[in-house]
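Chemist: Once you have looked at the hints, place chains B and C on chain A.
Residue-level listing of the chains:
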Amino acid sequence: MKRKDYNLKEIAAHFGGQLLGNTEITVNQVATLEKAKAGQLTFLASEKYRPLLANTRASAIIVSTADSEATSLPRIVSDNPYLYFAKVSAFLNPLDSIVPGVHPSAVVEEGVQIDPSAYIGPNVVIGAGTKVGAGSAIMAGCSIGARVSIGTNTRLHPRVVVYNNCVLGSRLIVHSGVVIGADGFGLAMDEGRWLKIPQIGRVVIGDDVEIGANTTIDCGALDDTVIEEGVKLDNLIQIAHNVRIGAHTAIAGCVGIAGSAVIGRHCRIGGGTGILGHTQISDHVEISSYTMIGKSIREPGTYTGIFPFSSHKVWQKNAAQLRHLDELASKIKMLQQEIETLRKERS
Amino acid sequence: MKRKDYNLKEIAAHFGGQLLGNTEITVNQVATLEKAKAGQLTFLASEKYRPLLANTRASAIIVSTADSEATSLPRIVSDNPYLYFAKVSAFLNPLDSIVPGVHPSAVVEEGVQIDPSAYIGPNVVIGAGTKVGAGSAIMAGCSIGARVSIGTNTRLHPRVVVYNNCVLGSRLIVHSGVVIGADGFGLAMDEGRWLKIPQIGRVVIGDDVEIGANTTIDCGALDDTVIEEGVKLDNLIQIAHNVRIGAHTAIAGCVGIAGSAVIGRHCRIGGGTGILGHTQISDHVEISSYTMIGKSIREPGTYTGIFPFSSHKVWQKNAAQLRHLDELASKIKMLQQEIETLRKERS
Amino acid sequence: MKRKDYNLKEIAAHFGGQLLGNTEITVNQVATLEKAKAGQLTFLASEKYRPLLANTRASAIIVSTADSEATSLPRIVSDNPYLYFAKVSAFLNPLDSIVPGVHPSAVVEEGVQIDPSAYIGPNVVIGAGTKVGAGSAIMAGCSIGARVSIGTNTRLHPRVVVYNNCVLGSRLIVHSGVVIGADGFGLAMDEGRWLKIPQIGRVVIGDDVEIGANTTIDCGALDDTVIEEGVKLDNLIQIAHNVRIGAHTAIAGCVGIAGSAVIGRHCRIGGGTGILGHTQISDHVEISSYTMIGKSIREPGTYTGIFPFSSHKVWQKNAAQLRHLDELASKIKMLQQEIETLRKERS
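Residue numbers (this note's numbering), protein chains in the order written: chain A, 42 to 388; chain B, 42 to 388; chain C, 42 to 388.
Looking at chain A on its own, in the form it has when it is part of the complex (with noise of 0.2 Å):
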């Protein structure tokens, strides 16, 4: 497959900046300071990795205001490299034109409407009802529901499953093994046993919105699970029934969201991270890796706890006082008195 070439210049026409050195230069894809070959356009977005400005064959570069006279290099000068990096980035890799149509070995139930630019893969199966905006593409092996409704330009990767009634908006990416609308764990509790809630809320999901590999959305219970646009979802994340997430919030793997958490807009919360049902988080709130999220966060700002790791002899002399914490902080209460009575006495 030949990648078309560009001068620095006409990247430059697309993205601005400011150009240094020879500018008929052309590149055709990007790549690190490390792996770059000619025909190839770098970015230096952090000063840790100057040391590799030396010897790096990429052909042109991107560097900061600060870094502009660092190398000699073809340069395009941005006051933000790393977001330059990516426009350029996601100009030369533009998504895989998809080929509309139907494939033969589809099961489409009946009433279902897709629109003639869209693609539906091998192995598909879509319930009656649903409907597939334009420029959508449903990849091999995916199971769509009944009266689901599909945006414009959304792709699912091969094996999403969407259940009855979700509502996905406009260019959306969902990877692979993602499950929207599943049942969320809704139980009662009726002499020793466990009755189960129907979950009858749907999912629905805004514009722009992009799901990591296997990640799950149940639907909700009542009301609807809600998914706001821009908001970005890695892998293996449980977002549970009627859970919000507010417009342009990102969230790393392995993150697990309990019912009826409302979070905020624009906010980041890192890997691993819990939060515990019926918790509100306000906009602007960043969370740490790994954090357990146990009651509402009201003020935007950086919140985290983690234990901290050590090696495990270390750990286990201070975890066996962490068990006697309170107990520790009754006897310095202990001391202080003890002092404060010997002090008097001394006057």
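Don't read these hints as lab results, they were simulated from the structure. Be careful, since some hints might not be right.
[Stated by the list, open to error] In the SDA-like style, the derived pairs of lysine to any residue whose C-alpha atoms are separated by at most 20 Å in a straight line are:
1) B/Lys-358 - C/Glu-368
2) A/Lys-336 - B/Asp-367
3) A/Lys-237 - B/Leu-93
4) A/Lys-374 - B/Leu-93
5) C/Lys-50 - C/Ala-131
6) A/Lys-372 - C/Gln-357
7) A/Lys-336 - A/Arg-309
8) B/Lys-374 - A/Arg-364
9) B/Lys-89 - B/Asp-108
10) B/Lys-76 - B/Leu-93
11) C/Lys-43 - B/Gly-152
[What the hints assert, rightly or not] Okay, the calculated bits of chain A under chain B, using three or more residues with CB under 8 Å as the criterion:
12) 175-181
13) 238-250
14) 257-271
15) 302-312
[What the hints assert, rightly or not] To be clear about the criterion: a stretch of chain B counts as covered by chain A if any three or more of its residues have a C-beta under 8 Å from a C-beta of chain A, and this derived list gives those stretches:
16) 72-80
17) 170-179
18) 193-203
19) 230-241
20) 249-260
Quick reminder that beta carbons are idealized off the backbone N, C-alpha and C, glycines included.
Modeler: Chains B and C only, in chain A's frame:
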């Protein structure tokens, strides 16, 4: 889809409770206080939601004895409004009925016994010697191994995988992406290389179990992995080889249970929790979310081990001390001795 | 299915060890001390299980030199009974043999090279330009992208997804629901909206790797994500873009490894553990379960960071103090100074 209407008398005839107000009023669905519309039945199960009573548009409500006069809506008074709601919801929202038969795209190997009342969906694959009981539904794209036994009225949602020889009871609900019977993580070290130990046990699952999306249950190494009747598993749970989970235990999402752990009956395990291998948890134990259980629990009760979160700055200070907790404890002991010395001198 | 019998002499001829008792006795399967039946071979690898010796119904047993006289059963004495058992079990339980050929329901695009000795199961989809090596089996419902390379004698269980361009070695075992090569979580912030960074690297997996059910391995952002030979991954593990895992490292279930982390060779990582992005873990490091590794580990050894659980009430008291640990440390420092003052005055 027109829903069937029931008046409150008909509902009370099924589920008991005292009726107050207009008992001829009809409902056809349940809903929350906030979202209920005319024709819908809501419920008040927690005083937290009492302020929403005034503005609900529900046609009727389920309330506790204490709240029987808190509203003038037509109402059903119950000792346990949440359980009552659960029962009515199950009544108004039965599982989709299935149309018996085997989809022509299904690949069924020889010697498979499928009850004529069962449903086998599109692209399902079923291995030799497997049995599917009356009223069970194997939905689109499931892959069932050889010599698997599936009971009656069990439902496997799309894209479930069951490996060879596993035994699934009756009235199971298994959500999409679940993998039952993959190999346990059994390895022996042989001169710097891992030797795989064949995993020749089965997974045996009792009746009335529900399993959430993308949960995995490994087969036993030599003996079986066993999930007893009435167990409820949420999404993205990992159950390792030779685990046994006692009847009517409920486990929330993202839990990991390591090999040969034995969990009692009627336990409740919060999300994100980890249970180490070979531990034993007695009946009626409750474990908080995101707690790591590293040794056996012999007594019923609630157990917790969570690092409390705080603002990142406060956490940094506290976590720094945590690495020196053992030293802090030693200092306190020294201070006690020094004060003792001072006190003796004084007397 | 009739199993083949072997007498102890035949087994010792393959795997060594000293024979005691009736060496003509035959066995055809391995089993635990507790469940073994006549015709089965058991083993004693831990003194914990010695009490079960008296009642086992096994026909023969593998024991350590120290236990060579602890039973009168026909027995094989080995330095390492567990490893010996593993070898015999692998011998008695070979992988199911495969029947070469491509199932008629498989959808194979043009230019795919499938070795005549390979097996392609029902409903498998394979993209253009992919190669499948000799003796490999792609089981029901797998979806393999374009330009993928799969080595020899590799087995993909049902419903595995491999994205375009990935490279899988020989003798891999990949369990159901695994997703290899989905996009890494690469985003740049652009005026309040996330811009997706194309993930153009591959996943490259060495020989003899096993990957557990529903585990996800993302492709690299620019360079590749690399899993070296002999690595063993359990279920529901998340491996982010550009991670490198060294040869013969074993990782238990529910672990999350963030972007660009580099894990050494021969490491052992316990379940539920998190490893932050860009950390480096040297060879021969052991990490306890449910530990969060937030910075690089340069020395071999065992590392731990777990909040010890206790009864909920005890935890509440200790956790309350934890939020004030820094103040406690300050108080201790003050007390030390005051005592020092008192002592000086005394003298």
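Chemist: Flag every earlier hint the structure violates by its number, smallest first.
Modeler: 2, 3, 4, 12, 15, 17, 19
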